[in-house]
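Enquirer: Single-letter residue listing:
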Amino acid sequence: MVTSVDERLAQTFVELADTLVAGFDLMEFLQTLTERCVELLEVDAAGLLLADGRGALRLVAASTEQARVVELFQLQNDEGPCVDCFRSGQPVIIGDISAGNVVARWPRFGPAALEMGFAGVHAIPMRLRDQVIGTLNLFRSAPDGLDEPVARAARALVDVATIGILQERAVRQQELVAAQLQAALHSRVMIEQAKGVLAERQQVTPDEAFLILRRYARDHNRPLTALAGDVIHGITDISPGSQATTRPAPHGDPENSPGPASGPRS
Amino acid sequence: MGERAVKVWAWIAAAHEGDAPVSVAALCRAAVLRLAVDGASVTAVSSPVAREPVCASDEVSARLEEFQFTLGEGPGADDFRLGSPMLIPELDLVAARWPGFVPAAVAAGARAMFSFPLQAGIIQVGILSLYRARPGSLGAEDLADALVFADIALQLLLDAASGITGSPGYQPLEGAPGARAEVHQATGMISVQLGVSLEEAFVRLRAHAFASGTALGDVAGEVVRRRLRFGRAAAPGSER
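The listed protein sequences correspond, in order, to chains A and B. Read in order, the letters of the first sequence correspond to residues 43 to 308 in the numbering used here. Read in order, the letters of the second sequence correspond to residues 306 to 545 in the numbering used here.
Possibly wrong hints are sitting among the right ones.
Said to hold, decoys possible - Distance windows between CB atoms, simulated:
id, chain 1, residue 1, chain 2, residue 2, range
1, A, Asp48, B, Glu371, 51 to 61 Å
2, A, Arg129, B, Arg532, 36 to 46 Å
3, A, Gln209, B, Lys312, 40 to 50 Å
Think of the hints as simulated: they come from the structure by calculation, not from any bench. Quick caveat: nothing in here was measured; it's all calculated off a predicted structure. Glycine residues also receive a C-beta, built at the ideal position from the N, C-alpha and C atoms.
Only chain B is shown next, with the shape it has when bound in the complex:
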């Protein structure tokens, strides 16, 4: 992991309570503790109309998500389609953009909102939302950290799907930077091998890396070079 990722992961681990698996709940707590924000939430989103709250650090965060789901607008509702962070340091100034959401959000106690998509290429699993009770932008350090929080939230959601977040010593995987392309290629190959979506394929790839104690990039390399195949035990290259 990169230096910043190590730091943020340590924060999340420190915010982890009890024996429960490391979860996005710990991530949300850590974000509130370490970033200059008053609340954090993670929402799983599989389409603009299918949103499922995963956790919220406080009541205001939960209500902000509820408003966006109900009204179909807001920084985290646009976000999903645009694929880039939505940073709103002063909600009052964008009331015209989201005429339903902004007054409700301000009345609930939010004055600034920052939404980060949890995304890797075509895989889109949700949104990390941060809010502040007073207007003001995220500092550069906080912004850089928030991007890492989002990256880890993506991994936690995917890994929770295969149950490996419950394993002792769990931590987010990261391939060597040069191996990144192969990770995404391997994901595509596995999706065809198993006849599943890319999300599911990515989950399986990560679970395999974790279970075998191998770096994600190395497992991906094996798949791309056809030394490792997922699912039905056909000989490599034997089917067209």
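If we strip away everything but chain A, and leave its shape as in the complex, we get:
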């Protein structure tokens, strides 16, 4: 068991490090992180909250709809283990959410989490020394804690993620991170849409289109989600013949948007 977790963990580190090289995309990285947490750590769902430019927590990734609801619910009410974890910078580990003291501590979070099918939560701060930038939250549907090797693996994943995000923030402007947060939860869908656009333009399969997108992102040191948006809008031409030409953005909104959403109010 331990070896198996360690082996898969090592693979995940390689994968995350890969995401960290040129063409770093915060959203892609965080979404991958939550997905790997569920696969590796024997948890049923994972959510990730990150502080935006103004220090307010935002939901940026969730592996299931239930996790999304529970995270949003905590943010709405400013109450719950993930919020406390962010404020204190300390892990908050709740083996059994239905326990009396848990409900007393978070009268609104407790019932809501149970309603969504969660019995345990493990909130881990993303921190480097004094700076807390967010929390990774692992949810389980059975009321028992994580084994120590698994909990250790979770902390290691969080540490790698934290360093990755802080590096990104050191390199780029804070505003850019805030801008990237705007694409939260929709970046995967956008990348799929861009894969389709590129597949049709270059007559390749969507999988091949993804490799082309990714290679271009790396060669030009561009975040994948930003590149996906540019490809969809026809701003960036990454066809094999062209040498990375960037055309000016077409003006305003697409003219072809469907009836109800088009045009300003009369």
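Start from chain A and add chain B according to the hints.
Expert: This is chain B only, laid out in the frame that chain A set:
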């Protein structure tokens, strides 16, 4: 459809009046009936300055949208850019954030507001807004249901554009979960095939699925595998 989606769709169908096509009006009525809120509205938004009210369940909801359009601020004005729900259980506490909007909203009778973007990747068509006359948060069940209401509102707006919401037996389409990625890929491909926006491409894909009585995911799979092509009848792969 998932269990929750089936439930919410049944609510909307039950709130449907007369022979008119199922519409966001029924959706707004159902939201007020089933969620602990006092009003609901749907606004089509194609850019921060292009907002078009589609329907509002009551006068207060309509005024809340009018304020946000006029002032350019509020939970549903920020929402469009941020792409994640904006949940404000007590408007009074966020007066500093929206100094123009909050006093107007409170004076109009709203004390809590919850805004949900109608969005799929780069496709953004509008906002679902809910308000309460008294402060208080949405419960977890209501929040989960509200997310589904928003998902269906997105589909209704898109499908209304192609007229299929008027068909008898209309209901929101949903591909198998595993097919979701292909739905978005197919949307991208169709947008290039027809030379239209992603919104329009998504509308056409859905209309085709509905008209042919095929699951959305299956139609998308055909497109991705180049067995189905939209628009100009070129042979697959013949044009570069």
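Enquirer: Could you run down the list of hints and mark each one as holding or not?
Expert: Status of each hint after checking the structure:
Distance hint for aspartate 48(A) and glutamate 371(B): a CB-CB separation of about 59 Å, consistent with the stated range 51 to 61 Å. Remark: the range hint 36 to 46 Å for arginine 129(A) to arginine 532(B) is contradicted by a beta-carbon distance near 54 Å. About 45 Å separates the C-beta atoms of glutamine 209(A) and lysine 312(B), a value consistent with the hinted range of 40 to 50 Å.
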